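Residue numbers (the numbering used here), protein chains in the order written: chain H, 1 to 293; chain U, 294 to 526; chain Y, 527 to 951.
You may find that some hints are simply not true.
Claimed, not checked - Counterexamples of contact, computed for chain U against chain H with all Cβ distances above 10 Å: (1) A369; (2) C469; (3) S514.
Claimed, not checked - Not the full set, but computed from the structure, chain Y residues with beta-carbon under 8 Å of chain H: (4) Y534; (5) K537; (6) F540; (7) G773; (8) I781; (9) M790; (10) N792; (11) A797; (12) I801.
Simulated from the structure, these hints should not be mistaken for laboratory data. None of these values were measured; they are calculated from a predicted model. Ideal Cβ positions, reconstructed from N, Cα and C, are used throughout, including at glycine.
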Amino acid sequence: MKKIACLALVFAGLAGAAHAAGETPVPPQLNWSWQGPFGTYDRAQLQRGFKVYREVCQACHNIKYVRFRNLSEPGGPEFSAAQVRALAAEYKIKDGPNDSGEMFERPGRPADAFPWTFPNEQAAAAANGGKAPPDLSLMVKARTYERGFPWFILDALRQYSENGADYLTALLTGYEDPPQGVEVPAGGYYNKYYPGHIIAMPKPLSDGQVEYPKGPNGQPVVPETVAQYAKDVTAFLAWAAEPHLEARKRLGFIVIAFLLLLTGLMYFTKKKVWADVGGEIEDRPVTTFKGPG
Amino acid sequence: MPAHAKERPRGDAGSHCMRICARAWSPALSRFQSASIFGPCDTVHANQLREPVADSIASVEPTRRDFLYIATGAAAAVGAAGLAWPFVSSLAPDADTVAAGAPVELDLTPIAPGQIVKVFWRGKLIFVRHRTEEEIKAAQDVNLATLKDPQPDSARVKEGHAQWLVVYGNCTHLGCVPLGQQGEFKGWFCPCHGSVFDTSGRIRQGPAPINLPIPPYTFVSDTKIRIGEGATA
Amino acid sequence: MSKHATTYVPKSAFAKWFESRLPIVGLIHSSFVAFPVPRNLNYWWTFGGVLFFMLVMQIITGVVLAMHYTPNANLAFDSVERIMRDVNYGWLLRYLHANGASMFFVAVYIHIFRNFYYGSYKAPREVLFILGIIIFLLMMATAFMGYVLPWGQMSFWGATVITNLFSAVPIIGDTIVSLLWGGYSVGNPTLNRFFSLHYLLPFMIFGVVILHVWALHVPGNNNPTGIEMKSGKDAVPFHPYMTVKDGFSLVLFLIFFAWWVFYMPNYLGHADNYIPANPSVTPSHIVPEWYFLPFYAILRAVPDKLGGVVAMVAAILIWALVPWLDTSKVRSAVYRPLYRQFFWVWFAVCILLGWLGSKPAEGGYVIAARIATIYYFAHFLIILPLLGLFERPQRMPGSIVESVLGRGAAAPVPAGATAAPQTQG
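With these hints in hand, go ahead and build the complete structure from the sequences.
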């Protein structure tokens, strides 16, 4: 923990230095429940994140690859099937044509995908200053930042692949006043983590904006702050981008354990087989042979 | 460097193998079909190596060795089977296809007596038939003993809704779609291989082995049915 | 003679009947069971087996993925997401296939570097080596077209950049490019034909692999000493000695493979490829997959469009001349003290080029890439021919058995040495 904190400090320091130089700072590396070989999503966090998504992001964005039924499937927020049915029914889904050839709207079903607020890309662009808000289904996998040499080798060894989540949280909390001398054009907003710093999305989150579940003492279990909202909605979007992560890591453990067992068996089998001819030559061949040439 | 060494890398000056190889080579090529295309160089024969060794193997702890080989082979076989499973499983209907099998509702009011309406549920064709009085009577007045797949008409409709027959629309022989109001019993007649169904969808003549099956459905009201209710995913 | 053509003796009456009509069991037996291999092959020699496994793995995962994939510019991206989300184990199949491509290249690069280190390309294995180069080129084409199929941003812009390379060809360049595209830009026709070719090429690779194995089995394996087998004592039968060794190596390789597939499945790819293809926006930093980076660096190092393409293609084709550019009488770097050092320098240059390929083409990176490119070619065109003339090889053992058993031995190993082998474990 201490190490991570130290590392975070170093990064924060680096980020600060880079920021001062006008560069895009490196997003701080956060602790995510799903990182590492045994990581799993935090159900409560995904449910809170979904609430933030619904009450904030959904006004402009969509998660078109996510179906309502996914919300009750194992490895996700795991709402109950009844909750999902009720939720889906709150959305209007365009369907048709019916027998008289008309398109019609009906209440959503669990099998439906999330509908978008806007009828199409052009309408979304027109309503948002010329640029359509991107779909968020894959956002966590579609964003990253450069780690460079030699980090990429270390990252591969310690399984760090949460770049996208770190970036997204940093972005959501990275709105600030532009530094002296930076001109922010109309329709743009200053964000220190956005490449180029001028982002078309206004600051989406503010403290106390979304009501969180209360604990027994009547207080929210987690703070209703921008930092917390950003983390929770990022976690939800991480699940939306990689819904089978838990199954993947679970199967990975079984596969690698099995392969290690097989490695052992193969090793001894190989030794036994090669014993017939006096053993395997596992060294490099003799380079300084001293026999008569 | 002597001239003859130019042909072969040093240390291979004798080139014993290559000479033997070359001898073995041409006959091997001429015997292309019956012999080996991959291994014409039989300078070193595996059997020459193995025979003296084989004797010594047999005498040295055969059981432990065998156990190790069997264990390794079995583990590898388990691994191969495990690897095959995702591939086979991926061929099954995917989550989207299964979920799209959500129940469909059908309003019965526009269906006139004597009319057959076709609907799809999970991509499967379903006939919804509004039967006339004569058709119901014909379906009920049958000696069950004469049927290939004996089933009373009452078991094929919902109680109190005898005018509505809901059956899968593919012949139980090989899956063609039978033609309505045709054949000897004015039920269905399958144009492919001549199976004849009565007004209860039961097989009466021809190669089909069983009656047209009934999909899961319920009456939501007197004029509305829900197909697929209660079906397992 | 004919008695030794194959040692397979059919046992049952059916096997005899069958063998006299189609002698395939005998063929397999003599090629993969009784086939003599040098007993001193080290683990770098096991990657041929790993590569064969990877080829089969890629074909099987690919065939199953093709059952779920839709090669249409409007549907491709969605169909890949459907595989990832809805198809049973679809995420596993796709990650196996995508990371499998990377693993395939890891293995093939090890295989190629081993070939250069131990001089396996030298006579009489030139054709074997050139067939290997052809396989490598086919692999690159297949991998490139496969990367286009998900129709993400990197797919689209990778396809645009690579197909535009052909416009460097004088006179007919533009015609070639429009033939590749089937339109005036990369679009649906391009995706369709790439899918078709991506499905076809692996089977062509499989065919050339058969020729490669055939060409291997004529002279037999090279080995770390570079000395040909001279007697039965130098060899072991392929089965069980090499099968078990290859199998052991394969299992270790699979652990490495599983690490990526299950824990870091997107690490070797590009985040931008999770953004659907958009012909109006190019990603800010466009680089190919890691296995193309050294060649990409060479492409960018040359300031001329045609020159860059020529240099990039030549970087691979020059390998085909190496059996003749290398003038040394000695095969293996083990007995070539100078070549051994130059080999590692060249290896480092290849890695450096790979790193430079991932960097933006500006400033010091371009200069470094130019120097590395010049060295890359100088290694083959200048260093290899000269080394053979000036290098004094180390003294070599008389045979493989001597190198294996004769550590410190004062005399050539007597016949029957195998009867009293050194205990190696």
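Evaluation of the provided hints:
no.	hint	result
1	A369	7 Å, violated
2	C469	26 Å, holds
3	S514	18 Å, holds
4	Y534	21 Å, violated
5	K537	23 Å, violated
6	F540	30 Å, violated
7	G773	6 Å, holds
8	I781	5 Å, holds
9	M790	5 Å, holds
10	N792	6 Å, holds
11	A797	4 Å, holds
12	I801	5 Å, holds
Going down the numbered hints, you'll see the structure goes against 1, 4, 5, 6, while the others check out.
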